[in-house]
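Given the sequences, and given the hints that come with them, work out the whole structure.
Sequence order for the protein chains is A and B. The numbering used here puts the first residue of the first sequence at 1, with every later residue one more than the last. The numbering used here puts the first residue of the second sequence at 1, with every later residue one more than the last.
Quick caveat, the hints were computed from the structure, so don't treat them as lab data. Treat the hints with caution; some may be incorrect.
[What the hints assert, rightly or not] Far from chain B by the CB rule (all over 12 angstroms, computed), these chain A residues:
id, residue
1, VAL30
2, LYS72
3, VAL90
4, LEU185
5, ALA280
6, ALA286
7, VAL303
8, TRP310
9, LEU320
[To be verified] Here chain A is said to cover these stretches of chain B; the calculated rule only asks that three of the stretch's residues, wherever they fall, bring their Cβ under 8 angstroms from a Cβ of chain A:
id, stretch
10, 56-63
11, 100-112
[Claimed, not checked] Pairwise CB distance ranges, derived in the manner of DEER restraints:
id, chain 1, residue 1, chain 2, residue 2, range
12, B, THR149, A, ILE67, 23 to 29 angstroms
13, B, LEU133, A, ASP122, 23 to 29 angstroms
14, A, PRO330, B, LEU133, 21 to 27 angstroms
Beta carbons are placed, not taken as given, at the ideal position from N, Cα and C, and that holds for glycine.
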Amino acid sequence: MSPVFSNLLAQPGVALAAEAAVKIAVVIVVLMGMVAYTVLAERRICALIQDRLGPNRVGAFGLLQPIADSFKLLLKENVLPGHVNRFWYVLAPTIAMAPPLLTLAVIPFGNTLAGFNLVIADLDVGVLWIFSIASLGVYGIVLAGWASNSKYPFLGGMRSAAQLISYEVPMGLSVVSVFLLVGSLKLSNVVAYQAGTWLIFKAPLAFLIFLVSAFAETNRLPFDLPEAEQELVGGYNTEYGQMKFALFFLAEYANMIVASALIVTLFFGGWQVPFVRVEAFGPILAGALGVAAFFVKLLAFIVFFIWVRWTLPRFRYDQLMRLGWRVLLPLALLNIVATALALALKLRA
Amino acid sequence: MRTAFILITFWTLASGLLAISRRNMIHCALALISFFAGIAALLFTLSADFLGAVQLLIYVGAISVLILFALLVTHDASRLGDRGAPFSRGKWSGWMLSALVFVVLGFGLHRVAVPPPPDPAPALPVAEIGRLLVTRHAVPFLAMALLLTAALVGSALVAIEESSEHARKE
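Written out as structure tokens, the structure reads:
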């Protein structure tokens, strides 16, 4: 390393910024790679479930398929339909892509490795940050629907607005019981709290509500009404092509990965390795094992998301709304009251 | 931080101006969203993380979606504005009143000696905000809760009456 460079790094602000930049680069590269291979996994698993083979020609087991796909989408001619509202039409896919990238910043994907905390920004209000950013995801879809100036995308956009608003409420309420237990909104504290018992065993109802809402928030079957191929052609992305379509596609899968990461962090101990005292292996190996544990759990949930999509049929719209407002919302409120009562009784005892 | 603050301030002001001056209602709503986001960004630069996140969650993520939703389901809302002028006939009295309010507020603020904030400003921990809400500010907190509950019950009531009227007509 040249002396100029190491002198520059010695300044506290610069070192901090460099550390953050490296983490951001690594996380984005890993996320994008995961998105590409989640798409491949989806196609292969769906084929398995439907007794087909799926894409298996490009590379061994079709492993190069995502690369071929992305090159195809990148090299396509950029077409703007004549009837769209140009500015918002082009902006919508980027707005859809931003929230999953922003939420990822606060999710701890490991404890520490070589003295670095394995989280980009460990905010005091981490969970609040996640919910506030996740609530912006709806704009990409609504804007796409409106700016396309076409009826099926419009219907898809409207459905999405109603659905996301409805399911954000039980989702937010379900994690309140988690924070009553942990006593902090910081995600690293939530993970540290789960060193002994994972939160799914202490707050199973919250987990269930969160899981169902997560499916609705990511527009995945059985709640994929904003897209609903059979009724809406393709929903909000009907008028989109090339890389703009690919961005919506990426956003959907990135959302799914972030939702899985959030479920793992909140209810399944994050980077905690169960049954093994990893500290005994020394700091480097313990850190690496933590990261590995996080990714194993994450992959399990991604497969679960895919499995559900190819197993369950779609809800009808009124069923979707009824489930959200008449079942999940009261359950979530009940869960908060029950948790608060239990904690109060425990404090008194 | 100061540069960011100034840039965001201009962004917020420009969005606010757009929100009241565009003829297309949807564009107004989108500018309003950008205005709310600007306020949230200002709160973040002032190291009020909690308030910033809440601002994003409630104003940008929820209220604005409802505004946009209402505009989109309202028939032809986006074209209604094309014919009407964005400013009403009483605009001069409006400008003068707002200028007067600005002068009075500015004068008042100028007279008050504000102690310089400690550097860096201490961030209020979330737990402390929660504690204040249920102790010192318990009464306004409960009053807000009551108000929101009343609004919720009221809107449910309106919705129920409308749907039963529909049923009778059919």
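Evaluated hints:
Listed as outside the interface, VAL30 (chain A) is consistent with that label: its C-beta sits roughly 25 angstroms from the nearest C-beta of chain B, beyond the 12 angstroms cut-off. No Cβ of chain B comes within 12 angstroms of the Cβ of LYS72 (chain A); the nearest lies about 33 angstroms off, and the non-interface call holds. No beta-carbon of chain B comes within 12 angstroms of the beta-carbon of VAL90 (chain A); the shortest separation is about 14 angstroms. Not every CB of chain B lies more than 12 angstroms from the CB of LEU185 (chain A), the least distance being 6 angstroms, so the non-interface label is violated.
The Cβ of ALA280 (chain A) lies farther than 12 angstroms from every Cβ of chain B, with a closest approach of about 34 angstroms, so its non-interface assignment holds. Under the 12 angstroms C-beta cut-off, the non-interface status given to ALA286 (chain A) relative to chain B holds; the minimum distance is some 30 angstroms. Its beta-carbon lying about 30 angstroms from the closest one in chain B, VAL303 (chain A) satisfies the requirement of being farther than 12 angstroms from that chain. Against the 12 angstroms criterion, TRP310 (chain A) stays outside the reach of chain B, whose nearest CB is about 30 angstroms from its own CB.
For LEU320 (chain A), the non-interface assignment is confirmed: its Cβ lies about 16 angstroms from the closest Cβ of chain B, beyond the 12 angstroms cut-off. Chain A is given as covering the stretch 56-63 of chain B, and this holds because 5 residues of the stretch bring a CB closer than 8 angstroms to a CB of that chain, at least three being needed. Interface restraint, the stretch 100-112 of chain B with chain A: violated (0 residues with C-beta to C-beta distance below 8 angstroms; minimum three). The hinted window of 23 to 29 angstroms between THR149 (chain B) and ILE67 (chain A) is violated, with their beta carbons roughly 55 angstroms apart.
The beta-carbon spacing between LEU133 (chain B) and ASP122 (chain A), approximately 24 angstroms, falls within the hinted interval of 23 to 29 angstroms. A beta carbon spacing of about 24 angstroms between PRO330 (chain A) and LEU133 (chain B) agrees with the range 21 to 27 angstroms that was offered as a hint.
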